[in-house]
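Asks: Okay, here's what each chain looks like letter by letter:
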Amino acid sequence: MENTKLVKLVLADGTEIEGKSFGAYTASAGEVVFSTAMTGYPENLTDPSFRGQILVLTYPMVGNYGVPMEQIEQDISSALESSQVHISGLVVSYYSEEYNHWNASQSLSEWLAAHDIPGIYDVDTRFLTKKLREEGAMLGKIVTPDHDIPLHDPNEDNLVAQVSVDGVKRYGSGKHKIVLVDCGVKNNIIRCLLERDVELTRVPWDYDFNQLDYDGLFLSNGPGDPTTCEKTIGHLRTALAGDKPIFGICLGIQLMGLACGGRTYKLKYGHRSHNQPVRQLGTNKCYVTSQNHGFAVDMQNLPAEWEGLFENLNDGTCEGIRHKTKPFFAVQFHPEAAGGPVDTEYLFDDFLASVEKYKAEQPAV
Amino acid sequence: MKDIKKVLVLGSGALKIGEAGEFDYSGSQALKALKEEGITTILINPNIATVQTSDNIADDVYFLPVTPYFVEEVIKKEKPDGILVAFGGQTALNCAVQLYRNNIFEKYNVRVLGTPVQSIIDTEDRDIFIDKLNEIDVKTARSRAVTTMDDAIAAGLEIGFPLIIRAAFALGGLGSGFADNEDELRALAERAFATSSQILVEESLKGWKEVEYEVVRDCYDNCITVCNMENFDPIGIHTGESIVVAPSQTLSNREYHKLRQIGIKTIRHLGIVGECNIQYALDPVSEDYRVIEVNARLSRSSALASKATGYPLAFVAAKLALGYGLFEVKNSVTQTTSALFEPALDYVVVKLPRWDLGKFDGVTRQIGSSMKSVGEVMAIGRSFEEAIQKGLRMLDTGRRGFVANRPEAPVTNAEVDKLLSDPNEERIFAINQAFELGYTVQQIHDLTKIDLWFLQRLSTIFEMGQRLLPLGDGTLADKALLAEAKKLGFSDMQLAAKFYGENDLRNSELRVRTLRKSLGILPVIKQIDTLAAEFPAKTNYLYLTYHGTENDLEPETEKAVAVLGSGVYRIGSSVEFDWCGVNAVQTAAAEGYKTIVINYNPETVSTDYDVSDRLYFEELSFERVMDILDFEQPGGVILSTGGQIPNNLAMRLHQENVPVLGTSPERIDEAENRHKFSSIMDELGVSQPRWSELSTLEGVFEFVGKVGFPVLIRPSYVLSGAAMNVVSNNEELENFLRVAKEVSTEYPVVVSEFIEEAKEIELDAVADHGEIVSYAISEHVEFAGVHSGDATMYYPPQKVYVETVRRLKAIAEKIAKRYEISGPFNIQFLGKNNDLKVIECNIRASRSFPFVSKVSGNNLITKATKVLLGVPVERDASELVYDAKFVGVKASQFSFTRLAGADPVLTVDMSSTGEVGCLGDTAAEALLKSMLSVGYRIPQKSVLISGGPIASKVTLLPVAKLLAERGFTLYATAGTHKFLADMGLASTLLHWPDSQEQPNVLDYLRNKEIEMVINIPKNLTKGELDNDYKIRRTAVDFSIPLLTNARLASAFITAFCELEMSDLKIKSWNEYKGQ
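Going down the list, the sequences are from chains A and B.
Using this note's numbering, you'd call the opening residue of the first sequence number 1 and step up by one each time.
Using this note's numbering, you'd call the opening residue of the second sequence number 366 and step up by one each time.
Just so you know, these hints were derived from the structure itself, not from any lab.
Note that the structure is a prediction, hence the values are computed from the model and not measured.
From the three backbone atoms N, C-alpha and C, an ideal C-beta is built for every residue, glycine too.
None of the hints are false.
Quick partial rundown of chain A residues pointing at chain B, CB under 8 Å, derived from the structure:
hint	residue
1	G40
2	T58
3	Y59
4	S93
5	N100
6	K130
7	S273
8	C286
The following block holds chain A by itself, in its conformation from the complex (with noise of 0.2 Å):
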């Protein structure tokens, strides 16, 4: 490759890495995290739990297959998780600028470029991975040599405030009604509601939806430190009193753990990957999963009322929590993939039966 303009990552504890540009040419702050997915970047960039990050991809060899061509419906990109670049840069080993696919549009680094979104390759990412595994997730930037910004922690932001929707959108016309809180969904969770049947009312991270008529409750995925959605907590609070079914994916489960008397702490390096392992607590039954989380549920804290309902196979992290007799629940990982594998998918169609059976229990009116 003949783009031979050099930056530089800079880590907080002062490591500064040369390496070349692509995407747009600029710097760029944020948390310094990795990811193990093989594929499916054009998902993970578009993810908002990415929001304030910049990006390493240990799969050295990256845009390969370019950006994909995407139909916009109803907000909805056909092929990306959202309407936006979320990560703050991207650090990879390889960068391939030339790229093939039947469904491309263009190359990442294009498409970077028109997010203001810089990305640096020609960089060790395994020694950048081994270091964040060893010394936890940190700050970070992408400078230019004539362009230089302070460190910056997204941590410190309302994140969800950023990435949330605007005002209440309404999505199908099924026949259970679903309230969807957005702190940064992703769209495959809302294609995924949308295949089954329901009529979606997507909400803002601090919109009271229990004045809501609702059948179900979804708490979506969202970025950083979920102790930050302090009035979502409070609206959730709510709904827990009450006996319609909840569902929460993500920053969902945080969210339903701290608004049930749990508690949240933030983990040394997160899980950002495609092949996390998870086991339903009490089976024998074990899924591989998507994950990209930086914060988890303390397991070992649950009200006595809740209990685990999924743990991670690697570390014991708490991977799901349910309460022991009402319809609710909620996965640290995510059952919607894109990207990665589907295998959990089958968690909408419980939560939906969850739906139907608190409606057929509700007496006719």
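Fit chain B to the given chain A structure using the hints.
Replies: Quick look at chain B alone, frame taken from chain A:
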């Protein structure tokens, strides 16, 4: 499954095309997994050169054919609780299906562990398979299974051309091909029907991507995919013939996970427990797909996937077969996480097949839907460019990479077009030629259908090649350029060729190396850890890359020894050297050394990261070995257990002050160099067949005039076919030299006196400072003239004079002393009337080391390794000739069926792809077992004899009489018919293929009225060759056992006439050892 105490494991037998070393690896892993559980393991595998048939792997071994008869006998005797049938390739699977159909497992109450046999049948029978997949709406290629030619044609017309035709129940796509019209369909169908009663006529998906997944499922229905792989070559080329990349490079997340999900759904529906492989065709312009096939067993691909990811599929599959859940098995790399996960790679792996088609006369160079390659290599890098260039070098075909190869004659656009559009073994290099001619990647894509992304990567390499300009006397100042070239996989040799030209490349390679090091351009060492660095790895499975700045580990500080592996399997070097290497490593470890292995062959046990302390999955080139040794600085390096590839490095490593253990590389050189060796033999008074290296045709005829016919002739450059041959008259000589492209000072021919009716005797030995400490002598069944790698061998020797042995030992002692040998060596002798001549001497372990070590019970590699490490070794009285309680016979496996067109004849050049070694109380018993193990069947009624030269007719006469006495119908070609009649023996005359007369031999073969063919080639005149060739080739194409050597034919016939099947004792190795 606590009730499982004893398990029988089926091996895959001899290495053959389509079934090679990968099953030694799979079986060894399975045995290890069972042993860990305290289960008693019994292995049936006649392949004596494997690691799995070594001491302490299985509890006991039967060196018997993996056929229903013998397996049933072993079951009857051993009464195992369970059997594993998925670790021995198609051979074991087919055997298991037959046993199941005969209710043998039920009869003896043996549980088939893992995937039920019915599920195996569901995947093997195309109709059932398609029905099963239809049940869950999974798409398969439109296909019809037919049993008659008429139905085949009807099905073909219905589906529409182009079609693919294949035989059902065949390993590695045997008997398959593409048909573009009815005539081609008819021809292919006829061939396929010869190997299978059922054939498949299917829609062709030419140009679609080929993608495969390895899927694992436990008895709790937990399912994972361990690796996906994408073929560089689009569909239509057997995956064993394709360049394969892991993980997939051109698939989007949607495509990747769509196929993954279909795989999981399919495998659940089929009820597989353990491991399997699913292959897809994926439309390159949509998300449409077809499932091509499911292999419900460990496979070549699963071995590759294990090595590519570090996930030990066979080990895990064996645990799952015992009833464990995936979550209960540990990830053996991290030791902390579980086996229920899907590996994340932070590197790219490229597998390339190795062909040896040049060894065969008449074979077509096209590659397609049936397998012809004999080995494979796996290259690891952090860019595709880096990995593929490594891989092209690993093939050891003299290529330096994708570009900067030895200049070749220019090709025309038309020639390149043909090479690109008609897949062949050299296609990747034709892509470079196309770039040189100015083709665009799009043009190349149009001709090859190879994905543009791969072609773009190759174009990047090509363009870098164009930027590397000759330096003349100047030095390279552009450090960045050099660093970039290294990242694209350029070797120092390629750079040297670009910078300094073709002359004196070894020196200019060193020059580049020095320059590169002075600029600080060094590769870094990275670990393969299954989780892309997310968790720390406990194992040291390593590769080198230029895409990085940090080594993952520090040099080994304890006393360490490095063992160089054998590299790619090819004809002449395969699993036997892996056994040698693994034994050397184990011995060194037992002596307290840290061990370092360098090897790049994914089919081996030596590249299992559990075998050594550090495994470098890397090139065995001077450059890469020096990179590793510079870093590790081990106390010693063992080159003598890996065959010729490491042996060839001896002198250069020695010159770099590498501590090469054992015999001095200077002495090795004196044995490798033909001229030096010859004068040393003269000096020692050891006789050799007379020979001369000649650079003119006149010189050749003059030398032949002196020594007389026949002569052995070895041109250094040939267009096609046998590289060397024996010729017996002027016409043949002229004929042969015509094939040789040129005879010149640059390409001389070596002509040697050929001694007829001489015995070939081999010595495998270990010496310490010139004193022999241990040895084994073996004898060939065939007379000299059959390559030692193809010959059938007795250990101990059966028909060698005591005086010959005495003289042989004396010569060996002289040679060992003169060369100051420390370590393993092998000498090949010709013996006639007690007169001995030395043909060659290899100062390294030879192909027969595992065979003689196992039969004699005296492990020569253990001894040799101790010598190399300076551990005192007592001189043993190793020759057990007179004490031996049993006989071992090594027989060769040929894969001619797979090599369409190849002449299936034994010559001085090696053509076998594998071997077996069986034991017996008598030589005849051992011979019969080993012949049955390499696929011969005992005829019941009819034999064709085409006896060749008078000498072989005479040799065959007694057995012809024997056959007649036993009531066999003897068919004979004209000369043999007359000879037998003259000797008073009746036979039915069959006319030669080139005659129009009836009855004609070809009809009898095609109608399978002949059960065994003995065809001894007469001479090399054109007409004889054609006639003999047609008989041999037809026999092979119609799966009729063929013998082309009179001595072996006599021995085989005598054995089966003397012995009944019930005389073949079902005795285990331990029983033989204990008797």
